[in-house]
Every structure is written in C-alpha cells, then in structure tokens.
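K.L.:
One letter stands for each residue in the lines below.
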Amino acid sequence: NAGVMQNPRHLVRRRGQEARLRCSPMKGHSHVYWYRQLPEEGLKFMVYLQKENIIDESGMPKERFSAEFPKEGPSILRIQQVVRGDSAAYFCASSPAGFLETQYFGPGTRLLVL
Amino acid sequence: AQRVTQPEKLLSVFKGAPVELKCNYSYSGSPELFWYVQYSRQRLQLLLRHISRESIKGFTADLNKGETSFHLKKPFAQEEDSAMYYCALRGDSGGSNYKLTFGKGTLLTVNP
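The listed protein sequences derive, respectively, from chains W and D. For the first sequence, counting from 1, position 109 maps to 109 in the numbering used here; every step adds exactly one. For the second sequence, counting from 1, position 86 maps to 86 in the numbering used here; every step adds exactly one.
These are calculated hints, taken from the structure and not from any lab test. For glycine and all other residues, C-beta sits at the position ideal for the given N, C-alpha and C. Possibly wrong hints are sitting among the right ones.
Residues from chain D that keep clear of chain W, each with C-beta distances beyond 12 Å, as calculated [what the hints assert, rightly or not]: (1) Lys57; (2) Asp62; (3) Ala88.
Per label pair, the in silico range of CB-to-CB distance [what the hints assert, rightly or not]: (4) Gly73(W) with Lys15(D): 45 to 55 Å; (5) Ile54(W) with Arg41(D): 43 to 53 Å; (6) Arg9(W) with Ile56(D): 19 to 29 Å; (7) Gly28(W) with Tyr39(D): 17 to 27 Å; (8) Arg22(W) with Gln45(D): 15 to 25 Å; (9) Gly29(D) with Leu38(W): 37 to 47 Å; (10) Arg14(W) with Phe76(D): 44 to 54 Å.
The shape of chain W in the complex, shown without the other chains (with noise of 0.2 Å):
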C-alpha cells in the first residue's frame, strides 16, 4: 500500500493565480481530511469529506477555497486568486471510516505564494 499520495509536492504561484492541490487516498480508505499548517503553527482542520460528499467545511475559509472528492479520482483543494497569506503546507489525510479511525497523513504540498 503506497499510502496517502499528494501532488505536487511543492507548488509556486503568484498572486492572483488558481492552485490545484491532489490528494489520493491510501487503498480501502473512502474518508478524507485537510489541514493547513502555517509556519510556526500546528497543523489546522479545514475540510473533511466523503465520495461525493462534504461532510464538513468548518475550517475552511469562506472565499477562495473549495474542496471536492468525486466518485472517480483524487480529491482537489482549490484555492482561487492566491494571496501571500495563503502560504503553507497543506496536508491530506485519509482514514477507512471517519470515526475512531487512524488518520493517515500524505506527504503534504508546501504552497508559496510569491
């Protein structure tokens, strides 16, 4: 089992522009999870999701950022219009069942936003 995959692994934007982050979930597993670390900071929930589903998008900011999981394929955190601020390292988490289950961290994507 390969684990949780993330590509790419590190991505450079300039402001303004759209940055696609992936995250395959490790085999078996149908429930995923991102976070955002920011420097100096622990790592923060953002979305938590299901095939097909957004079951929770608490931690998400409101504008600019999405996330999806389809049916076939990787699930993508889209973040629209990059800022400075939105510099971090991004990571995916998958787990087989969402409730008293190990989550299992992908690699992450360090984002700079130049």
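Knowing the structure of chain W, use the given hints to seat chain D on it.
P.N.:
Okay, now just chain D, sitting in the frame of chain W:
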C-alpha cells in the same frame, strides 16, 4: 472549544538521557489523545494513541485527566528519535469526533 498546548518549541537532550515532551489540552468532554511524529523529510505518522496504551519505540504517554495532560516520555533517548513531535486531540461528540486538533509541535534534538 478544544485546544492543545505544547509549551516547548525546542527540546535538546543527550543520547541516553530521559526525555519528556509536554502536552496539555483543553476539552470539556472525553477526548482521545495522540502523538504524531515527523522525521526529517518524511510524512507525519502516528506514534501512539492513549486508548491503545502501547509503547512504541520505547515511548509511552499517559492521559492524566486531572491535569489535562498527555506527556510523552522515553527513559533513554536515541539519536534517531530526533524529530518533530505533535500532540493531537480528537473530541467525543458530533462535529469533533473526526477532526484532529494539533499542538504547534516540539522539535526534539538528541545529541550524541
């Protein structure tokens, strides 16, 4: 609201010395506590969780509900223990029983 505090940003010990990484939490219900570790250039991985009461790589952690703490301990540190350690909490009620709340992490350096 739930919160996790790791008071030490950096911790440096010598090989063979005991090590304790502190973690305090704030949560009104019955939380589940975790320690995650991130070695250099590797992904975050689960080290241990309090409900399993395991000892992994010589590390142990006991949940102290009275002091709301979940400190990570190892009697004899090894150089390969050098890493970033994150304490995390998961709540027990709807809306909080899947999301993890992390501390800011403690960077442990074990010197030869």
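K.L.:
If any of the earlier hints don't hold here, list their numbers in rising order.
P.N.:
Result: hints 3, 5 and 9 break, sorted rising.
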